[in-house]
Every structure is written in structure tokens, then in C-alpha cells.
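Visitor: Chain by chain, the residues:
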Amino acid sequence: MYLSRDEEAIYRGDRGETLRRMMEILVALGDIYGAERLVPVRSVQIAGVSYKNIGDAGLEWISDLEGQVVVPSILNPAGMDLFRYKEMGISEEFASKQRETIEAYRRLGVIIDCTCTPYQIYDSLAERGDHLAWSESSAVCYANSVIGARTNREGGPSALAAALIGKTALYGYHLDHNRQPSHVIEAKAELEGSDYGALGFLVGKEVGDGVPLFRLRSSPTKDELKALGAAMAASGSVALYYVDGVTPKPPEPTANYDGCERISIEWEEIEAVYDEHGGDDADIVALGCPHCSGEELERIADLLAGQKVKKEMWVCTARKIKDACPDLVARIESSGARVFCDTCMVVSPATEGFEKMMVNSGKALVYLPGLGGVDATFGSLEECIDVALGRKRS
Amino acid sequence: MREISCHKVASGFASGPSLATKMAISFLGNIDPRTGMVVDPGHELYGESISGKVLIFPGGKGSTVGSYVIYQLKKRDLAPAAMINLRSEPIVAVGAIISGIPLVDRVPSDILQLKNGTCIEVDSDRELIRILP
Numbered sequence: 001m002y003l004s005r006d007e008e009a010i011y012r013g014d015r016g017e018t019l020r021r022m023m024e025i026l027v028a029l030g031d032i033y034g035a036e037r038l039v040p041v042r043s044v045q046i047a048g049v050s051y052k053n054i055g056d057a058g059l060e061w062i063s064d065l066e067g068q069v070v071v072p073s074i075l076n077p078a079g080m081d082l083f084r085y086k087e088m089g090i091s092e093e094f095a096s097k098q099r100e101t102i103e104a105y106r107r108l109g110v111i112i113d114c115t116c117t118p119y120q121i122y123d124s125l126a127e128r129g130d131h132l133a134w135s136e137s138s139a140v141c142y143a144n145s146v147i148g149a150r151t152n153r154e155g156g157p158s159a160l161a162a163a164l165i166g167k168t169a170l171y172g173y174h175l176d177h178n179r180q181p182s183h184v185i186e187a188k189a190e191l192e193g194s195d196y197g198a199l200g201f202l203v204g205k206e207v208g209d210g211v212p213l214f215r216l217r218s219s220p221t222k223d224e225l226k227a228l229g230a231a232m233a234a235s236g237s238v239a240l241y242y243v244d245g246v247t248p249k250p251p252e253p254t255a256n257y258d259g260c261e262r263i264s265i266e267w268e269e270i271e272a273v274y275d276e277h278g279g280d281d282a283d284i285v286a287l288g289c290p291h292c293s294g295e296e297l298e299r300i301a302d303l304l305a306g307q308k309v310k311k312e313m314w315v316c317t318a319r320k321i322k323d324a325c326p327d328l329v330a331r332i333e334s335s336g337a338r339v340f341c342d343t344c345m346v347v348s349p350a351t352e353g354f355e356k357m358m359v360n361s362g363k364a365l366v367y368l369p370g371l372g373g374v375d376a377t378f379g380s381l382e383e384c385i386d387v388a389l390g391r392k393r394s
Numbered sequence: 001m002r003e004i005s006c007h008k009v010a011s012g013f014a015s016g017p018s019l020a021t022k023m024a025i026s027f028l029g030n031i032d033p034r035t036g037m038v039v040d041p042g043h044e045l046y047g048e049s050i051s052g053k054v055l056i057f058p059g060g061k062g063s064t065v066g067s068y069v070i071y072q073l074k075k076r077d078l079a080p081a082a083m084i085n086l087r088s089e090p091i092v093a094v095g096a097i098i099s100g101i102p103l104v105d106r107v108p109s110d111i112l113q114l115k116n117g118t119c120i121e122v123d124s125d126r127e128l129i130r131i132l133p
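Read top to bottom, the protein sequences are chains A and B.
Residue numbers for the first sequence, in this note's numbering: 1 to 394.
Residue numbers for the second sequence, in this note's numbering: 1 to 133.
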């Protein structure tokens, strides 16, 4: 791989041991994936934040690093709400390790926002055509597909390397030839809300790490695109997709995408996702996977409208979004539901304390059963709130 | 003495007795970070300790948390002395780099048949492996 004179000097260790190892990570990954060179990144989103995932080893590694990030860098969700962890049932021991992890990142100059939806809180992190080094799978999918930026799915150390060096190796989704569609998906139904999560749940399993191009009868909102990508990144490992007429186009758009595999999805298949994960017997309802936008919080507040929940109910969002709409949060919490920040039901160990969780997210539906025996049921936002209020699904 | 050329992934120089397997290794799950033992009964190296060895395997697999497991082993002096892959992938590559363990790849596949306990030197910066008599 070609290195500039400056990059070569860092690789040799002229600017210290931390940067030398960081450059070694970028070069090793570049060699593995056949990158020709490094490319500057506009922003970084760092994985390896939840203490549940990184443990003492990860915490020690982060704490041992020296230096400062050189591009705007923010964090994936942590294992708990950084302030209201007690209400989640998180132990003091875990909380103290989680706080240490966050402090280690703060020391490196990382912006302490722990969210899977950085694009909902900062417009300045990514624009069309930008190269990024983002980590969280749904954020990667959104950045590549909806924003039209370019990022691979980074692991914790490679994202931190990109943050400290300001560059990443030029391979994978940074290159046009890896951004062409591999599948054309025809959805033969009008879809809305959680239907997009169900669609993504089905399509991710079919296409794996492919690049699906959707032809839809309805026009998804940004929140619906967020849900679609998140589900495909979980049930498959989709990092880029297209929706004809909605998202930015592939590098070389064609009329028919003749070389692509064709899949058609009927309404009955979407309906089957709800039916196979039905039931009103969840002991908790959890919304906000990926993190709720302001619009979604408003919809939840409207649906709850002065009623009291009969079950535990969590609404997960980014702290900046919660802070920006205190009235909505107050309306939601007056029902007895709780708005948690910095974390979500997929990454927090608090989820393991429940038996069955109802979600409106295709992504959470994929991950929950793997978390210490937590069953998942799936419904629309309206159905989730019905169940939380102790009513039968409408 | 036989010399084999290789490709540097993580820098450094180390030597030790070889431990080879034809199976990929998932550091998260296959290896106990508190003991350095292979604890997966389904693995060819089940019951072996990887500590201080020159660990030879085709490549890594599994969760990216495996990188941190390698770091944890190193912090407890339980890590392999060096590692040799046919083809390194990101989990082991990143784990070796953050831990300062020499790692090389792009070697002939017959190295996987090397008798365990053979003394080997890995000189990553010179991209050379020496199999000592």
C-alpha cells in the first residue's frame, strides 16, 4: 500500500507509540483488503463502548492510549443510561466500569454522545460523497444508503485508529465498484412504519452481505429508511442499499440492473413476520431501535395521550434528542413509560432481566433471542403501545 | 535451519515452541482469557495452552471482541509469543497490533503440518520465519 511521507513517518514511530500502532492497524487492514492508499475521513463513530462487550481488556486498552482524535468522533450506544442506570436495574459495579470507559474516550477528545443515530443529531458529520469510518451497523447502512456517504463497518480499534490518524484505508464501500446493486427487490405492497423493519428482516436473510436495490410502491420517510437498513444490517450484513426514486443512485445506474438477482416480496410475507412473532404477553415494551427521532417521540407521546402504561415501557433515544424536546419527554413519562438515553435494549445487560420484550424494530427482533433467553414479539408502534397500556392488539 | 519468507502484519520479533492447527480460531469463545487454554471441545487444540507459543493457524473468525481477548491475554502474560496465519483477517490482525504481538501471514500452507514444539523465530520486520533445528 502506498503511504505518503507523513504517513510513513507515523508508521515508523516518529510520532509516538500510540500513533505507530494506529497506523499499523490501518495499514494491516489496507493490506488484507487490497487498499491502494489511505483516504481522509470526515467523521468517526466508535464501537466498543458498552462495557458488557469490551470487558476489562477493552477498557484497559482504551485507557492506555495517548493522544487526541483529529476528526469529529462520537460513540456507539453504551450499556446503560449514563445517569438513570439505577432505574434500568444496572449494578453499581457495572456502572462504575461503564463510566470509566466513557471517561477514557473523553480523555482522547471523543464527543460523548452514545447513539446509533449520529446523523439525527449532527448534520455536520456526513454529507453525500464524504468518506467516513463509522461502526454501528445501522448507522453505517444509513450513511452509505440514505446520506450517500462512504463507510465500511469498522470495529472498535480500527475506528479509533481512523479517529486518531484522521484517515482510513481505501477499500470496500469507499470504492464505486463495490457500490453496485447485487439484488433487485420488488415489494408488492403499500408499506408503512414497522412494515419496513419486517421487510428488512426478510431481505437481510436473503441477500446476506449483498447490495439490494428496492422498488417500492410507497415512499419511505427517513425514519422508515432507518428501520429498513437497521433490520437488514442485523438479519444479514447489508451495509448499503438503494430505494429507487428515493435514495441517492448507484454509481452506474441502469434501466433494469440485468445482472442482479431478483426477489419479490408479497404482503403475505410481511404479514407472516408479525404473525410468527405475535402475542400480547410481553413483560416489557421497548421502542427506539435505532434511537427515536423527535418525530417518533412525538408520535409516541400522541398515542400515549394521558393514559397510564400497565407494563414496563422503555423509549430509547439520543441524549441530544431528549434534551431538545423536554415537553414530549414529559408527556411520554407521565404515562409511566421511561425515556432512556445513551443505550438501548440490544446493548444493555438490563434487557436480560426480562422474559419477553415487544418491539417494533426488525433489528431488535433479530438480536433479542440471542441475549440471555429474552423472547421477542413484533408489532407496529400502535400495537406496541396498546400492549403497554394493557389492551389487546388493535 | 529453514527460512520462510512471509508478510508482516504486526511488527516485532519473538521465538518459541510451535503450536499448529488446521482450524481457524475464534479468540472469543475458543480461548479462555484467564488461562490461555483452548476451551472449545470442538477445536483441534482443545486442552492446549497457547501461552508463549508461536501459534500457527489459517486465520481468525468470529466476534470482533476477539481482538480485545488477545489484548487481555497479553496483559496477563498469557498471549502467544508470535502468530503465523496463512491469511490474516481483521480480528486477529487488530488484536496482534494493539497487543504488540508479532504476526505474519502469506506463508505456504504446509507450515500447518509443522510438528508441535518445533522452535521457531518470527522476525516480522524482516518478513522472515526461521525454523530452528
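Keep in mind the hints are simulated off the structure, nothing from the lab.
Hints are supplied without guarantee of correctness; some may be wrong.
[Claimed, not checked] Covered stretches of chain B, going by a simulated chain A footprint (3 or more residues, C-beta under 8 Å):
#1 2 to 10
#2 89 to 95
[To be verified] When the alpha-carbon atoms are kept at most 25 Å apart in a straight line, the in silico DSS-like pairs for lysine-lysine are as follows:
#3 B/Lys74 / A/Lys97
#4 A/Lys356 / A/Lys310
#5 B/Lys22 / A/Lys52
#6 B/Lys61 / A/Lys205
#7 A/Lys86 / A/Lys308
#8 A/Lys310 / A/Lys249
#9 A/Lys188 / A/Lys249
#10 B/Lys75 / A/Lys97
#11 A/Lys222 / A/Lys188
#12 A/Lys86 / A/Lys320
#13 A/Lys52 / B/Lys74
#14 A/Lys320 / A/Lys52
#15 A/Lys52 / B/Lys75
#16 A/Lys205 / A/Lys222
For glycine and all other residues, C-beta sits at the position ideal for the given N, C-alpha and C.
Visitor: With reference to the structure, classify each hint as holding or not holding.
Guide: Going down the list of hints, with the structure as the test:
As drawn, the stretch 2 to 10 of chain B meets chain A at 3 residues by the rule of a beta-carbon pair under 8 Å; at three or more, the given contact holds. A stretch counts as covered by a chain when three or more of its residues have a beta carbon under 8 Å from one of that chain; for the stretch 89 to 95 of chain B and chain A the count is 5, and the coverage holds. The suggested pairing of lysine 74 of chain B with lysine 97 of chain A holds, with an alpha-carbon distance near 21 Å, which does not exceed 25 Å. Using a Cα cut-off of 25 Å, the hinted pair lysine 356 of chain A and lysine 310 of chain A holds, with the two alpha carbons roughly 15 Å apart.
For the hint linking lysine 22 of chain B to lysine 52 of chain A, the alpha-carbon distance of about 31 Å lies beyond 25 Å, and the restraint is violated. Taken as a hint, the lysine 61 of chain B and lysine 205 of chain A pair is honoured in the structure, with Cα atoms around 20 Å apart against an allowance of 25 Å. A threshold of 25 Å between alpha carbons decides the hint, and for lysine 86 of chain A with lysine 308 of chain A the separation of about 22 Å falls inside it, so the pair holds. Taking the CA atoms of lysine 310 of chain A and lysine 249 of chain A, the gap is about 46 Å. The hint is violated against a cut of 25 Å.
In summary, the hint linking lysine 188 of chain A to lysine 249 of chain A is supported, as the alpha carbons are separated by about 21 Å, within the 25 Å threshold. A hinted pair counts as satisfied when its Cα atoms are at most 25 Å apart, and lysine 75 of chain B with lysine 97 of chain A qualifies at roughly 18 Å. Among the hinted pairs, lysine 222 of chain A with lysine 188 of chain A is consistent with the structure: their alpha-carbon atoms are about 20 Å apart, no more than 25 Å. Between lysine 86 of chain A and lysine 320 of chain A the CA atoms are separated by roughly 21 Å; this keeps the pair inside 25 Å, and the hint holds.
Only pairs whose Cα atoms come within 25 Å are accepted, and lysine 52 of chain A paired with lysine 74 of chain B is accepted, the gap being roughly 20 Å. Distance restraint check for lysine 320 of chain A and lysine 52 of chain A: the Cα-Cα separation of roughly 23 Å lies within the 25 Å cut-off, and the hinted pair is therefore satisfied. Pair hint lysine 52 of chain A plus lysine 75 of chain B holds up; C-alpha atoms about 19 Å apart against a cutoff of 25 Å. Among the hinted pairs, lysine 205 of chain A with lysine 222 of chain A is consistent with the structure: their alpha-carbon atoms are about 22 Å apart, no more than 25 Å.
Going through the hint list in order, the structure does not satisfy hints 5 and 8.
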